[in-house]
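> Here is what each chain is made of, one letter per residue.
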Amino acid sequence: MKPDDKWRLERISIRSFRGVAGEQILDFGGRSSLLYGNNGVGKSTMALALQWTLFGKFPSGVLPNIGFKNFLTPVSGIKGMSCGEVLFRRGAQVMTVSRDEETGTFRVKIGSRILEAEEAENERDSTLGLDMEAFVRTVLLHQSRVRGLLLDEVKDRNHAIDMLLGVEAAQDLLDILKDKPFRDAATEWRVSAESEKERHAAQDELLKRQYDGAVLQARESGFLSKDLNWTALSAHYGKLIAIVHSLATKHEAPLSKLVVPSSPAEAQKFSAKVARELIQIQSKAKSQVRLEQEKARADKIQGFLGAWDQTLNSRDKASKLVLAAEAPFASSGKPEGVLELADAEIEKQDELLKNLGQLHTLLTDARSALFAQRESTCPVCTQSVDASRLDKDLESRIRSLSSGELVEGRRVLDALKRSRVELRTSLEQLAEQRINCGLAQKQLAKLSEQIAVCLGAHAISESKVRQRLLESAKGSADACEALEKDVDSLANDIEAIATKATDLEGSLLTVILKREEISRHEKEGQKLMQNHAGSEKNAASMEAFGTRFERIRIALLGAKDQLASDRLKRARPRSLELYERLVRHPKFSSFDITTIQRARKVDYSFEVSVKGNPSSAREAKLVLSDGQVTATAVGIFVGLAESAAHGMDLLFIDDPTQNLDLPCKEAMAKLMVEMAGRKQIIVSTHDEDFVSYLREYGFDKKAAIFHIESWNGNPKVSRSESPD
Amino acid sequence: MVIQGNLPRTIRAEVKFTGSSSISVPERELEPLTSTDPNITGLLAALFWSDGKNMDGRWLVVDASDPLVLRRSSLTPEYLRRAIISQPSLASLRRRIDDLWPAFLLAYLDTAKKGHLALSKELQSRHAKGQLQEPLPTHEVLAIDHKAAMSELVEHSGQSGSGRIFQRLFAYLLGLVGYRTVTVNTIGVPDVVASDPAQENEQVDLRITLEESRRLVRHCREAGDADLALRLLSQDRRLA
Amino acid sequence: MSELFDAVEKRLMKEKDHEETVALWRRVWERYEDSGLDGVQELMDAHLIVPEDAK
Chain C
17 MKPDDKWRLE RISIRSFRGV AGEQILDFGG RSSLLYGNNG VGKSTMALAL
67 QWTLFGKFPS GVLPNIGFKN FLTPVSGIKG MSCGEVLFRR GAQVMTVSRD
117 EETGTFRVKI GSRILEAEEA ENERDSTLGL DMEAFVRTVL LHQSRVRGLL
167 LDEVKDRNHA IDMLLGVEAA QDLLDILKDK PFRDAATEWR VSAESEKERH
217 AAQDELLKRQ YDGAVLQARE SGFLSKDLNW TALSAHYGKL IAIVHSLATK
267 HEAPLSKLVV PSSPAEAQKF SAKVARELIQ IQSKAKSQVR LEQEKARADK
317 IQGFLGAWDQ TLNSRDKASK LVLAAEAPFA SSGKPEGVLE LADAEIEKQD
367 ELLKNLGQLH TLLTDARSAL FAQRESTCPV CTQSVDASRL DKDLESRIRS
417 LSSGELVEGR RVLDALKRSR VELRTSLEQL AEQRINCGLA QKQLAKLSEQ
467 IAVCLGAHAI SESKVRQRLL ESAKGSADAC EALEKDVDSL ANDIEAIATK
517 ATDLEGSLLT VILKREEISR HEKEGQKLMQ NHAGSEKNAA SMEAFGTRFE
567 RIRIALLGAK DQLASDRLKR ARPRSLELYE RLVRHPKFSS FDITTIQRAR
617 KVDYSFEVSV KGNPSSAREA KLVLSDGQVT ATAVGIFVGL AESAAHGMDL
667 LFIDDPTQNL DLPCKEAMAK LMVEMAGRKQ IIVSTHDEDF VSYLREYGFD
717 KKAAIFHIES WNGNPKVSRS ESPD
Chain D
-15 MVIQGNLPRT IRAEVKFTGS SSISVPEREL EPLTSTDPNI TGLLAALFWS
35 DGKNMDGRWL VVDASDPLVL RRSSLTPEYL RRAIISQPSL ASLRRRIDDL
85 WPAFLLAYLD TAKKGHLALS KELQSRHAKG QLQEPLPTHE VLAIDHKAAM
135 SELVEHSGQS GSGRIFQRLF AYLLGLVGYR TVTVNTIGVP DVVASDPAQE
185 NEQVDLRITL EESRRLVRHC REAGDADLAL RLLSQDRRLA
Chain W
76 MSELFDAVEK RLMKEKDHEE TVALWRRVWE RYEDSGLDGV QELMDAHLIV
126 PEDAK
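Top to bottom, those sequences are chains C, D and W.
According to our numbering, numbering within the first sequence proceeds without interruption in unit steps and concludes at 740.
According to our numbering, numbering within the second sequence proceeds without interruption in unit steps and concludes at 224.
According to our numbering, numbering within the third sequence proceeds without interruption in unit steps and concludes at 130.
Everything labelled a hint here was simulated from the structure, so no lab data went into it.
These figures come from a predicted structure and were not determined experimentally.
Ideal Cβ placement from N, Cα and C applies to all residues, glycine included.
Possibly wrong hints are sitting among the right ones.
As the list claims (entries may be wrong) - Per the computed footprint, the stretches of chain C lying under chain W, defined by three or more beta-carbons under 8 Å from a beta-carbon of chain W, are:
| hint | stretch |
| --- | --- |
| 1 | 147 to 155 |
| 2 | 182 to 196 |
| 3 | 549 to 563 |
| 4 | 574 to 588 |
Stated by the list, open to error - When the alpha-carbon atoms are kept at most 25 Å apart in a straight line, the in silico DMTMM-like pairs for lysine to aspartate or glutamate are as follows:
| hint | chain 1 | residue 1 | chain 2 | residue 2 |
| --- | --- | --- | --- | --- |
| 5 | C | 73 | C | 134 |
| 6 | D | 131 | C | 212 |
| 7 | W | 89 | C | 582 |
Could you put the whole structure together from the sequences, leaning on the hints where they help?
Okay, here's the thing in structure tokens:
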């Protein structure tokens, strides 16, 4: 490509920048240049000034651990605002890029156009065909980027390769873009929801255990999995109701009013309703009614039997008593006549006693009169009487009356009277017995009537009553037996239905109710989560951000790997060539840097090997000296620079010979001279040997030489060049 | 939930069942799922089941071409759920799978317990006749019912046996979701290919009685869906 | 302009449901270009919302 197709650096002018307190202008004139001088005179400052003027910042790793502003402040300590201007030329075109810290302006002037700020930045990037990352990768090789390759830690060396390849931004972003804080934030948002969920889950567990218990019981009752839902239970209720109806019909009981419950809550009252219906059927079943009637009849018959026997017994007893009472009078005819006779006897005896009494009185009176009158003739017959003998006779008669006849008479009368009393008592007893007997007979007759009614007969003779009763009792018993069989069958059916209803309620309905409870609990859980909707939204948002950052990380890893690999691949031929020229290792004549993609980063494998013998590969750090590594790095940089496509024809290489031995320096000098013939090379160095080699190989014939010396607040720069 | 879009035209799915806490899907199984054809969607359908927390026996369905899935050697349920959040384009498919799965499993549990061959035969036959939905229970399937069904099947069939069965069930679950063509590869990859889905705006003829039609209108009104109720009224002249 | 930015964006756009992720990546890059890693960290912190009692 012709020089006129690309931009070259004409001039840098800087003021109040690092080692330059005042103003310093370096006119390169688009030519290759050498900046040399001792350490600390400001050589690197030029590279930094170019960087800063163009992009306003430095690549990572360049700045020491001090602030950007402090870094810019002139080393002399004299306060001033940094200012820089860089002029590029491409054929007849001139582009001026300037930056002023004081005014904060960044300006690009190209032709007659003057652009500022973002427009200027865009113009700079599009005109030069690169951004800062490409600039430091393919134009400006700062020594700090090479130093890193010499460090002991693999992590630091990998970072240095990142910088060399211009992919450190990817790694920096990979290191900072973490999804974990967002995951953690999501977890934090969910903490209260989680603890609520845990409480809910604990309740879930309890309900589940209860449910499992209910299911087990349901299975033990013979229910299957397909039964464990409301639809199946409703069907069971329907069947049960049909059975109840069928039972009522079979036993001619009134039909039930049962209906299938419309919900589990309603079903809780169902078994009580069923029980009531069953009681109703049981009590009103025809067989039950008839049995009760028949039993009542049988009881009645038994009652009658007992009563009949008793009453008959009573009557018979009474009859016997009558007979016994009549017996003494059997020979006398009517018992009443006996009393009359007794009365007559008593009267007679009483009369007799009366007469005897009168006689006694008469005799006594006579004796008294006789005694008193001492009469010798009888007043009655007027005959003569023996008074003493008469007195003795009278006394004897009186005595005989008093102690004999009267006494006897009285005794007989008392006896008759006593006998009469007894007789009377007997007669009264007889009468009573007869009355009793009559009553007993009446009772018997009445009972007989009742029995006849009970047995449905017109009248039953006394002798047949018992027989008829026994026959009826047997008939009733037979009827009861038959009816009891029916009733037992009904009871069994009822028990089966009741058991079924209990089973449905106790096991299946319990399961369904528990399912309802669980369903409510699940819905409650969802509502609870809705209470945390705001937190969940935040949690989901954090999760989403975390995931997005993770995706970006994955893409960054892939992109870094791809970019690094591509750049290494493009730079490889030239880098290998330069490795051979600059390193000239007696054994390991080849090297390779390959990428290794890991979970969170891309590592590198930097190995040297014997050309054509991959199995001889060894880690470069273990084999190459620091100088050799430096030389390799310069070779890679040149390879990258030359394989990059942009609008600048400049390589600014800062201190390329650190750690190199003399032969290597010589080789480097040759390389620089060779490259200076094709593009604008600006080399800065303090290395006198290197400068000598450069001069020796004719660098000064192609390039301007800037000798920077005796820094005293400002570097002193002298310029020399051979005519071009 | 907003239904985003129709169902993918063609699904290629890798189906994984495990009793452990993560799954790993080798590259050779994921590779056939990816395709540059935008009509083909590669899915990873994972079913976790153990006594651990958060095991609900539900399918976790993710886009297999997602780098989040491709890069991981092992995938946990939590990781898959995060991936799901960032894959809203499959929300419609996932919602249908999630809605239908518990009832579907319960419906075919007994057949599944008879073995893989019996299950295959029945599912294939029903799918061909458009009758996959017939055995589905009409009652609410609670989470405990679903977990009990999962436990029952896994205990009965063992881990590896269950894997084949769940693979088959997932395939025909897609059939129930609306895929008219379902292929199961017992050997080889992918496990399942499903295509020709019924779309959201696809219309079908419905045969229902007048009483059913009236009920539908009533239910729509009670649910506040006046538009659908009006549509039914306008379509069924018997209701005029 | 950056190759890195373009490479990452291209990879992200190959994925389904990439819109929000790509938008985030653009914001990340913009911040990085403007304010470096500090700016990116600020962006992340700005998106990070934690509950009050967790702060």
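> Taking the hints in turn, state whether each one holds.
Now the hints, each set against the structure:
no.: 1; hint: 147 to 155; result: holds (count 3)
no.: 2; hint: 182 to 196; result: holds (count 8)
no.: 3; hint: 549 to 563; result: holds (count 6)
no.: 4; hint: 574 to 588; result: holds (count 5)
no.: 5; hint: C:73 - C:134; result: holds (15 Å)
no.: 6; hint: D:131 - C:212; result: holds (21 Å)
no.: 7; hint: W:89 - C:582; result: holds (20 Å)
When each numbered hint is compared with the structure, no violation occurs for any of them.
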